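**Student:** Residue numbers (our numbering), protein chains in the order written: chain H, 1 to 578; chain L, 1 to 578.
No wet-lab data here; the hints were simulated from the structure.
Among the clues, some could well be false.
For identical chains, the list gives no copy identity; a pair is met inside one copy or between any two copies.
[Unchecked claim] Only pairs whose alpha carbons sit at most 25 Å apart, straight line, appear in this in silico DSS-like list of lysine-lysine:
1. 536 - 396
2. 245 - 396
3. 220 - 202
4. 550 - 202
5. 550 - 295
6. 245 - 202
7. 550 - 396
8. 550 - 245
9. 153 - 536
10. 295 - 536
11. 396 - 220
Predicted, not measured: the structure shown is a model, and the values here were computed from it.
2 protein chains.
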Amino acid sequence: MTGPAAFLPILDWGRRYDRDTLASDLLAAVIVTIMLIPQSLAYASLAGLPPVVGLYASIAPLLLYALFGTSRALAVGPVAVISLMTATAIGDIAAAGTPEYWVLAITLAFLSGAMLLAMGLLRLGFLANFLSHPVIAGFITASALLIAAGQLKVILGVRVDGHNFVDLAVGLARQWDQVHAATAVLGSVTVAFLFWTRRSLKSLLVRSGLPPRLADMAAKAGPVAGIALTAWVTWQFRLHEQGVKIVGTVPQGLPPLTWPRWDLALWQQLAVPALLISLVGFVESVSVGQTLAAKRRQRIEPDRELVALGASNLGAAFTGGFPVTGGFSRSVVNFDAGAQTPAAGVFTAVGILGAALLLTPALYFVPQATLAATIVVAVLSLVDLGVFRRTWAYSKADFAAVAATVLFTLGVGVEAGLLAGVLLSLALFLHRTSRPHIAEVGLVPGTESYRNVLRHAVQVCPRMLSLRVDESLYFANVRALEDRINQELARRPELAHVVLQCSAINDIDASALESLEAIDQRLRDAGVVLHFSEVKGPVMDRLQGTELLKHLRGQVFLTHFQAQQQLAAEADTPLAAR
Amino acid sequence: MTGPAAFLPILDWGRRYDRDTLASDLLAAVIVTIMLIPQSLAYASLAGLPPVVGLYASIAPLLLYALFGTSRALAVGPVAVISLMTATAIGDIAAAGTPEYWVLAITLAFLSGAMLLAMGLLRLGFLANFLSHPVIAGFITASALLIAAGQLKVILGVRVDGHNFVDLAVGLARQWDQVHAATAVLGSVTVAFLFWTRRSLKSLLVRSGLPPRLADMAAKAGPVAGIALTAWVTWQFRLHEQGVKIVGTVPQGLPPLTWPRWDLALWQQLAVPALLISLVGFVESVSVGQTLAAKRRQRIEPDRELVALGASNLGAAFTGGFPVTGGFSRSVVNFDAGAQTPAAGVFTAVGILGAALLLTPALYFVPQATLAATIVVAVLSLVDLGVFRRTWAYSKADFAAVAATVLFTLGVGVEAGLLAGVLLSLALFLHRTSRPHIAEVGLVPGTESYRNVLRHAVQVCPRMLSLRVDESLYFANVRALEDRINQELARRPELAHVVLQCSAINDIDASALESLEAIDQRLRDAGVVLHFSEVKGPVMDRLQGTELLKHLRGQVFLTHFQAQQQLAAEADTPLAAR
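Next comes chain H alone, as it looks inside the complex (with noise of 0.2 Å):
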């Protein structure tokens, strides 16, 4: 795309639309604002907000989304994850609950719509990479736990406060006692009613001849329903006159008009956890919505996705909202249910916004309990921990950061675990390049190929020396080059000629380079000759000009068999079997 509709891919798509995509985008949206109004307010709730809160930030972002966005089934809103990150954050500076609060999560929706935007602006979605796959997975899955976790007191009616699974923990032990029985009776049915919609409604339903579109919807009003009755409940039988919390008046109207605060030191404060909000939606945002995309051989665009995300946030802060992404969830849904276009996500906008001016009078009843049923449902179907097994299976290092991740997020809080987990990984991949492979090779009899020495049985010439990197070399691994050469050096008084085979050199810096010089020199000292074979194309133009190959009295071959070849016939050795 270029022109116009490269900024705004709503020109694009806009153009084609026609009455059939406007069917599959209507019933994608009816299914997904379904979804939508019970965990908009439970994950408003989650973050310390009213629940009404959950509902302004399902309006604007998702209309901004649809102008920006490069996604065509992406649905934005309010995500577990993001809450979670948005109670920590702002709930040691104020109480939640207040209108303080509130404005803080104002503004720290604001901070990373902004960050989001500039990201996006300056093209720094590379940044993203940074969270390595173990370590999301590791934090959603304890983050999850953590959530659900805080959630227990809210269903079983008990006070706790703790932003770690062992402060959580040791809070729910001493106030076990104090379990308020009505509201615990009502969330773990309300608990079990979710599980059961969610596992099994959707077969029985099928089974009791329901067309299976039909009963998967009706499976998805799930929440929906769970919210209603147990209202109906608490209404009917006086619960709230009995202790069970409820959500109460819930302001009826448009979404209010807010600004966030303008303070630079408050900024200073939210400036790491806007951050990583940030980097946490974009990661969860971009993954979901690349993986929808490609089902339909369609791409999204990270850097413009940013721009999207950052507009959908900003939104959100304007309009009395709080931080906002892609969810996994219900952009599933949005897509399996047939969405075509954005045009889903308006509509979405436009049923919350129904939603916000007509529903809210029977928002009254509501227990909370419930919505932290619905949370925990959600939630809970996010722990994954076959991960653990599977990077213990594959990798150790990988399996070094998610243990990190988890334990730390649990432990110590979701920022804190975030970065333990960021530094971990890239701490261990330096150290990993940082040891290369260094393989001594030798001609496998018959061809032109080299294999390492310990592994094949292989020829080798005893005057001459073959090594094999497998690393790019750069400052933290070039010593480990030097080192072993000195080492054979030291151990091989006949040693005449060292050749490196270059074919896994993607790299070499200056402190490579410079190490080369110093190991051509000692080698020349030593009376022994440096050679080089299959240097790559774009290392070898670098190279060019440089003292190395100014100085380098041995040469550079095009291939390791010629290199051997004319070595040996040079000083008349032949090979031998090792």
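We have chain H; now place chain L onto it with these hints.
**Tutor:** Chain L only, in chain H's frame:
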């Protein structure tokens, strides 16, 4: 080496010690002692300590290094950059010249020694590899400029404080009218004299008939002659009564037995400086040790060098010294003078001990400006401005690391400079590996080899995409591959096969594995088959048993040529020029 000799190299070389070796070692020791006396006094002053502390730091550390070190020619003792780093580290905690300040220097040597020892025993020597050559070169150049600027005030006889170039320059400019004429004249003449002995004396003596070896020794005695001459002039003309600052009373006798301060809060405060001093000292020591060892086809063992340097610094801490390491210039002199074994270091220590016992009264009249002149002339030889030009020509990333190191060192201070350089070079390395070179490749006609379609006239099959990734796949770069494949998928509706040529992929981490699974899934959803070719042995070993290979519809081909032949034959579409 195995057995006890692996831990105490002295058992290895000591056993074969003979009269010839003794003669060589003695001669080298005499020359190094002549160099070391003025340098050790001067570097102690540079560190803000009484000059005699430099002698103390040149006795026990040398004996301990001789016991544990693996280099045959390394000359341990006070060096310029470490002395500056010492002054910076403790200068804000106590005033230079006070007993408190000396205890801090001792504590710093103790911490640095303990860290080096621990790094050696835990085999953490690789940590030093993260100081890239450009960062070290920039750091040493900037430190040398900083030292020279700092000594200028002593030569001019003014008082200026500051740990960075800007403070020093501003201070000097403000104090210009306070310059002490006698001191300035004496200092400037000494600087000129020292430059002349270093640059021209040797060739002058050779031309006047002296044997080159003797001429060299005479030239090396320049700083000692400078000290003797200026002390005589000062005494003769009573310059100290006219305000020329002199060294004054220097205690005579054995180094004292001292203890570091056992204060955890202080240790925490000194931890980062001690770590940086340890790393810089280790890097300087290992570089010169490695260079010298290779000239005789010997080698040093970095992890045991850490132990030896750790022991040396602990020795300094308990005998009234300050942080030491293997110095570049003295080690080269030691080697050139013929030092065969660490016994040369023992003899040097004996020489310095003699100086501490007998010579100190003679130091009374040595002007401080003479020591400053000695430092200026020594450090200016460390300045290597060519590093800017060389790194600029070779690699902009390395240039950026040098520039950041130099600017931060001069503008803020040594610690900030070193940290800025290390962090920037790591960030640039991560950035580079996060944007891998991905080339579409095609067959070079008449061969079996594949080259970038953008660089060469090659043949491709329109229904098949061959991609070569020139980087190991890991969390930070695999999204680039996803993006590229998504882009090609959206751009080429006729695509039926994607083959990844993996010859340059040395590792695939868990994130990359998951991304490859996602790529395979997306391609399958789009009706395209994913294949791999030329997967390396170690990579293939790990991929065995993963979901990726279990679910892969395509194949893993031994060579890319086989892949293309078979797929082109199946699809019945011949290759065509691109």
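**Student:** If a hint holds in the structure, say so; if it does not, say that too.
**Tutor:** Hint by hint, here is what the structure shows:
no.	hint	result
1	536 - 396	between (31 Å within a copy, 20 Å between copies)
2	245 - 396	neither (47 Å within a copy, 62 Å between copies)
3	220 - 202	within (9 Å within a copy, 92 Å between copies)
4	550 - 202	neither (75 Å within a copy, 31 Å between copies)
5	550 - 295	between (53 Å within a copy, 21 Å between copies)
6	245 - 202	neither (31 Å within a copy, 94 Å between copies)
7	550 - 396	between (43 Å within a copy, 21 Å between copies)
8	550 - 245	neither (81 Å within a copy, 51 Å between copies)
9	153 - 536	neither (61 Å within a copy, 53 Å between copies)
10	295 - 536	neither (36 Å within a copy, 31 Å between copies)
11	396 - 220	neither (39 Å within a copy, 55 Å between copies)
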